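Protein chains: 2
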Amino acid sequence: MSILIVGSVALDNIKTPFGEVKETLGGSATYACLAAGIFSPVRLLSAAGEDLPGKYIRKLKRKNIDLAGLKICGGSTFRWTGEYGDDINEARTLSVCPERLTGDNLEIPAHYENPDYLFLANTDPEVQNGVLKRVKPLKLTVLDTMNLWINNKLKSLKYIMKKADILFINETESKMLSGEVNLISAAKKIIRHGPDIVIIKKGEHGAFLLSKEDFFAVPAYPLEKVKDPTGAGDSFAGGFLGYLSTRKKITRESLRTATVMGAVAASFTVEDFGTGRLEKTCRADVEKRFEKMQRMLDF
Amino acid sequence: MSILIVGSVALDNIKTPFGEVKETLGGSATYACLAAGIFSPVRLLSAAGEDLPGKYIRKLKRKNIDLAGLKICGGSTFRWTGEYGDDINEARTLSVCPERLTGDNLEIPAHYENPDYLFLANTDPEVQNGVLKRVKPLKLTVLDTMNLWINNKLKSLKYIMKKADILFINETESKMLSGEVNLISAAKKIIRHGPDIVIIKKGEHGAFLLSKEDFFAVPAYPLEKVKDPTGAGDSFAGGFLGYLSTRKKITRESLRTATVMGAVAASFTVEDFGTGRLEKTCRADVEKRFEKMQRMLDF
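Which chain is which? The protein sequence lines are A and B, in order.
Using the numbering used here, the letters of the first sequence map in sequence onto residues 21 to 319.
Using the numbering used here, the letters of the second sequence map in sequence onto residues 21 to 319.
It should be emphasised that the hints constitute simulated quantities derived from the structure, not laboratory data.
Quick caveat: nothing in here was measured; it's all calculated off a predicted structure.
A hint or two may mislead.
Copies of the same chain look alike in the list, so a pair counts if it fits in one copy or across any two.
[Claimed, not checked] Think about it this way: if two alpha-carbon atoms lie no more than 20 Å apart in a straight line, the pair counts; the simulated EDC-like pairs of lysine to aspartate or glutamate are:
| no. | residue 1 | residue 2 |
| --- | --- | --- |
| 1 | Lys-232 | Glu-43 |
| 2 | Lys-79 | Glu-307 |
| 3 | Lys-178 | Glu-273 |
| 4 | Lys-153 | Glu-191 |
| 5 | Lys-232 | Glu-244 |
| 6 | Lys-83 | Glu-191 |
| 7 | Lys-208 | Asp-107 |
| 8 | Lys-79 | Asp-292 |
| 9 | Lys-208 | Asp-234 |
| 10 | Lys-300 | Asp-107 |
| 11 | Lys-79 | Asp-216 |
| 12 | Lys-209 | Asp-106 |
| 13 | Lys-195 | Asp-106 |
| 14 | Lys-195 | Glu-110 |
| 15 | Lys-159 | Glu-233 |
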């Protein structure tokens with residue numbers, strides 16, 4: 021099973037009540053690749069500037085990630101600077117530099133063109149659309165997005181939503197996108213406008229999956245210390261897709277288990293700054309926490 | 021199995037985005053009794069003014085509720101006026117009249133003195149304390165409270181917390197009470213200071229139970245229309261206790277199932293204004309939704 025993940029590779033400056041890191045490896049595709057890579061080999065499609073430290077590239081290489089589609093362009097890597105206050109669920113973006121990955125500089129290696137699974141991680145909908153024109157996944161197209169694109173590129177986003185099988189979106193953004201205040205109504209409205217399945221991410225409150233056939237809710241893995249939630253949502257989707265790629269069939273059961281695996285992957289991410297904890301996480305760690313979740317949720 | 025429920029009986033004026041009701045039957049003990057009464061006979065200890073409409077008294081009588089401990093005093097019934105905005109989870113209290121139930125006017129019928137289960141629903145901790153001095157439950161003491169008492173009567177509240185087996189508290193109040201921003205840390209700190217078990221209510225995000233031996237999370241029953249969340253927390257605790265009273269033993273399993281039953285009871289309450297939906301709910305309705313929850317949460 022092959023997984024192609026498209027999205028940003030970034031250098032992040034992050035401040036939370038528990039500390040601060042500068043120029044740490046980040047980006048939607050980075051987190052998603054690391055999480056999916058726990059389960060399966062992954063191909064990355066992204067772009068970075070020449071200033072992306074070699075140690076970060078080597079780190080990704082060591083992690084089951086095919087970097088043939090990571091284009092190193094002139095200029096600097098995408099940077100995000102943000103901070104979290106006492107409400108660790110809410111990021112405040114202080115500055116963003118332009119993304120390196122654009123609709124114009126897409127170079128897609130030939131062996132990337134027919135993955136089993138395609139994850140369009142959070143990035144400009146025009147890039148996502150450019151990829152969709154050339155990449156034809158055999159099994160599933162999964163999409164993630166954020167408020168910036170709902171506000172500024174809604175038309176492109178809606179167009180891609182119609183082509184996606186699964187949309188990952190957070191609570192606030194699902195309300196923005198649907199115009200609904202009730203989360204269940206928001207999810208129902210979203211699946212009427214495109215994807216067969218929507219997975220609403222609710223941070224410390226977990227997530228739920230809604231489709232025409234199913235409703236499934238999972239709480240977050242309980243943690244006392246959430247050091248840095250950056251990348252939790254990308255890791256959720258990556259873990260979900262990584263697990264799904266290990267299963268022969270996409271069924272109600274495998275989708276539910278994948279949702280729990282997503283929550284588990286995200287729980288590792290938030291335990292340390294940046295990719296610090298996620299990159300040390302192996303399949304056995306994930307399985308162990310998954311089994312704990314099974315015991316915790318049984319009644 | 022006998023259940024004694026102590027708390028307020030009120031006349032509520034409620035406005036939500038879905039409408040408005042005036043002088044409707046409310047109060048923490050009312051909701052808790054109605055929810056517990058779905059499972060078992062209940063005894064109510066409360067006080068109201070002479071203006072409490074007879075139809076409300078008759079309604080409670082028809083519902084498995086022993087009113088020997090409902091004292092009708094001179095003056096008017098406790099009134100709460102509140103409204104909910106688009107964020108239906110957050111009530112804004114517009115006015116409150118003094119509670120009729122005080123530490124001084126407690127008249128406890130003799131057959132109330134040794135219930136199997138005692139639920140000190142949300143009311144003045146001095147009243148709760150007065151009851152605890154005279155009522156000796158055989159099995160379990162369960163406590164609920166709110167921000168008002170955390171702010172104004174913390175010393176009394178902490179004293180009762182030490183005598184309670186289970187504390188129900190909402191998310192925001194658990195953070196206030198513990199001084200922690202992380203919910204798991206808040207719950208852990210609370211059980212270090214009294215109750216063996218804490219159940220944190222999170223509105224549309226469900227609830228979780230934490231004790232030294234267990235952690236169990238349940239999502240809210242998914243609803244598209246939440247008309248009026250007033251009394252949801254009281255119904256949760258009532259449903260929890262009502263179900264528990266039908267089981268021979270208090271075990272990890274029965275506590276978990278009771279938590280789901282609490283969430284189910286609350287889901288009926290929020291579907292209509294005041295007690296409108298809850299009072300029409302029978303055991304079969306609850307069982308049906310419980311079974312749906314089982315199917316929804318299985319993986």
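Going through the hints against the structure:
Taking the shortest Cα distances, Lys-232 and Glu-43 never come within 20 Å of each other, neither inside one copy (43 Å) nor across copies (40 Å). In this homomeric assembly, Lys-79 and Glu-307 never come within 20 Å of each other (Cα to Cα): the closest approach is 23 Å inside a single copy and 52 Å across copies. Taking the shortest Cα distances, Lys-178 and Glu-273 never come within 20 Å of each other, neither inside one copy (28 Å) nor across copies (45 Å). Proximity of Lys-153 and Glu-191 under a CA criterion of 20 Å is satisfied in neither setting, with 29 Å inside one chain copy and 46 Å between copies.
For a Cα distance limit of 20 Å, the shortest separation of Lys-232 from Glu-244 across copies, 15 Å, qualifies, whereas the shortest one inside one copy, 35 Å, does not. In this assembly of identical chains, Lys-83 and Glu-191 lie within 20 Å of each other by CA distance neither inside one copy nor across copies; the values are 31 Å within and 39 Å between. With identical chains, the CA atoms of Lys-208 and Asp-107 are at most 20 Å apart between copies only, with a shortest distance of 19 Å across copies and 28 Å within one. When the C-alpha separation of Lys-79 and Asp-292 is checked against a cutoff of 20 Å, the pair qualifies only within one copy, where the shortest distance is 17 Å, while the shortest distance between copies is 55 Å.
Taking the closest pair of Cα atoms, Lys-208 and Asp-234 come within 20 Å of each other only inside a single copy of the chain (11 Å); across copies the shortest separation is 34 Å, beyond that limit. Taking the closest pair of Cα atoms, Lys-300 and Asp-107 never come within 20 Å of each other, the shortest separation being 26 Å inside a single copy and 39 Å across copies. Taking the shortest alpha-carbon separations for Lys-79 and Asp-216, neither the intra-copy value of 35 Å nor the inter-copy value of 46 Å comes in at or below 20 Å. In this homomeric assembly, Lys-209 and Asp-106 come within 20 Å of each other (Cα to Cα) only across copies, at 18 Å, whereas the closest approach inside a single copy is 32 Å.
Taking the shortest Cα distances, Lys-195 and Asp-106 sit within 20 Å of each other only across copies (12 Å), while inside one copy they are farther apart (23 Å). Taking the shortest Cα distances, Lys-195 and Glu-110 sit within 20 Å of each other both inside one copy (16 Å) and across copies (17 Å). For the identical chains of this complex, Lys-159 and Glu-233 are intra-copy neighbours only, at 19 Å inside a copy versus 43 Å across copies, given an alpha-carbon limit of 20 Å.
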